[in-house]
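Q: If you want the building blocks of each chain, they are given just below.
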Amino acid sequence: MSDVKSVERPAPPQGSRDSAFFWEGVGREVLLGQQCTGCKRFRHPPRPLCPHCRSFEWKAVELSGRGTVHSWVKPIHPPLPMFPEGYLVALIDLEEGIRLLSNLCEIEPDDVENGMSVEVFFAPTRDGGRIHQFRPTQEARRG
Amino acid sequence: MARGKAVIVGIGQTEFSKDSGRSEQRLACESILAALDDAGLTPADVDGMTTYTIDNNEDVDLVRALGIENLTFSSRVGHGGGGAVGTVAHAMAAVESGLANVVVGFRAMNERSEQRFGQSQMNNTGGAKGAGTGFIEWSLPLGSATPAVWTAIQAQRYLDRYGLTNADFAPVSVHLRQMAATNPNAWFYQQPITVEDHQNSRWIAEPVFRLLDCCQESDGAVAFVVTREERARDLKQPPVAIRHATQAVPFESETVTNYYVEDVTRFETGVSTAKTLYEHTGVGPADFQVAMLYDHFTIAIFWHLEANGFCKPGEAADFVRSGEIGLSGSIPVSPNGGHLGEAYIHGMNLIAEGVRQVRGTATNQVDDVEHALVAAGMSAAVLGRC
Ligand SMILES: [Zn+2]
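Top line first, the protein sequences correspond to chains E and U. Residue numbers for the first sequence follow our numbering, so the first one is 312 and each next one is one higher. Residue numbers for the second sequence follow our numbering, so the first one is 31 and each next one is one higher.
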């Protein structure tokens, strides 16, 4: 992706009181997940309590940043000039068992396969912000 | 209170266009007056009103404009178009509980000539809070900014799982345009398409949706009137029974961007509405003569067919290809042309067609309709003869 284009990307949101931790982490290039203190399960999108054990106690835990492609699409129309040419939107299954929407980079659409291994990285946005992105892992590239 | 007491006694609509040339409030009032006139009622009879989110009309404005004396019941269902048939559920509940005697349901929007639905929602800074969904924060920053992209993420997984391609959607689009071609109220009246037309239309979200997989953007309004069956005996039209109507908000479900359920290829909300409807009515998939299925994109017809049990998971493409959703198939789908062919009035025009099919007054009338399914994803109803 071209740097010129990527710095035009809209800055990420501040988030709500429940989700601000996620965007704060992204801003310093750390992918955080919300983990229940009670039953240790991760959850996304963020919410104030665990739907399984109903604990309000949770921690923002750094995720491995590794996962697999659940599904993907290449938006064509309408064009969004603030996004990189030919960008892909992908739903990522993270190792911790949560699913997160992101962009899939450094790969041609013809080479994308659901289930392929990907890893997180961070791209610059307008106003000096960051946004979470994914790209094939080294293993996936060799495979 | 006993079931089956609330009935639909009137339907009304404006013309469906790309530029109505008048306000959304006026469209709402025109459709409501048409529905009341169809029923043989006037605004003086109305004491209940219901719509669903993303309608810009306020009840207070409509009461003021129509000269309604007082509303004792007013509601706004969530979930945008997915909640369309929730208006039938709310109207039914209001009438049967005694909250109101005559409830009007409506949808009125200039969603082509004013705020275009299919365009980027990147400037939707409000985050759509209170509009029945919480997804904006997790989509827009990634350039997932249109209903086509939101839906395509799920649809790609479906296509991949069952070894299908975009070409498998073509028969859906061809069917709906064929229905619209003989419906004078349809925007695409007398404009059928071929599989080749579908495959030659440009990509909107590759490799999932082409232009002819997408519903229209339309200007227009549709309204219906619900009252008690006893009262309906004195009115103009034969009443249409609401066998049951329901909503569905399953665990981890989301409006449009339904990414967090375990299996995104399963239409969880539709599975839930079907379960509720079948339990309450004793009606099953084999008992419907016609189904009005919310088609924001072609894939939705597959999802509805599977969720409501018309075919098994993964079999919808074959089911459609073999002609089962045609007028002479096992379950004719949206004989008005649906949102792809008639107009996109967010499910409300599907409710109106469901009523016409039960009355026996539709342009593309299915023979001998005893039960019609109207399904919008997060809401659905079984309509039937009284
Ligand atoms: Zn827990």
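Derived by calculation from the structure, the hints in this document are not laboratory data. Among the clues, some could well be false.
[Stated by the list, open to error] In silico lysine to any residue, SDA-like type, Cα no more than 25 Å apart, as pairs:
#, chain 1, residue 1, chain 2, residue 2
1, E, 370, E, 339
2, U, 305, E, 362
3, E, 385, U, 233
4, E, 385, U, 198
5, E, 370, U, 282
6, E, 370, U, 165
7, E, 385, U, 344
8, U, 48, E, 387
9, E, 351, U, 152
10, U, 48, U, 152
11, U, 266, U, 131
12, E, 385, U, 131
13, E, 385, U, 152
14, U, 35, U, 86
15, E, 385, U, 292
16, E, 351, U, 198
17, U, 305, E, 363
18, E, 385, E, 324
19, U, 35, U, 258
20, U, 35, U, 63
21, E, 370, E, 385
22, U, 48, E, 327
23, E, 385, E, 433
24, E, 370, U, 292
25, E, 370, E, 360
26, E, 385, U, 85
27, U, 342, U, 190
28, E, 385, U, 266
29, E, 370, E, 397
30, E, 351, U, 71
31, E, 351, U, 190
32, U, 342, U, 258
33, E, 385, U, 357
Q: Output the numbers, in ascending order, of every earlier hint that fails for this structure.
A: 9, 12, 14, 16, 21, 22, 26, 28, 29, 30, 31, 32, 33
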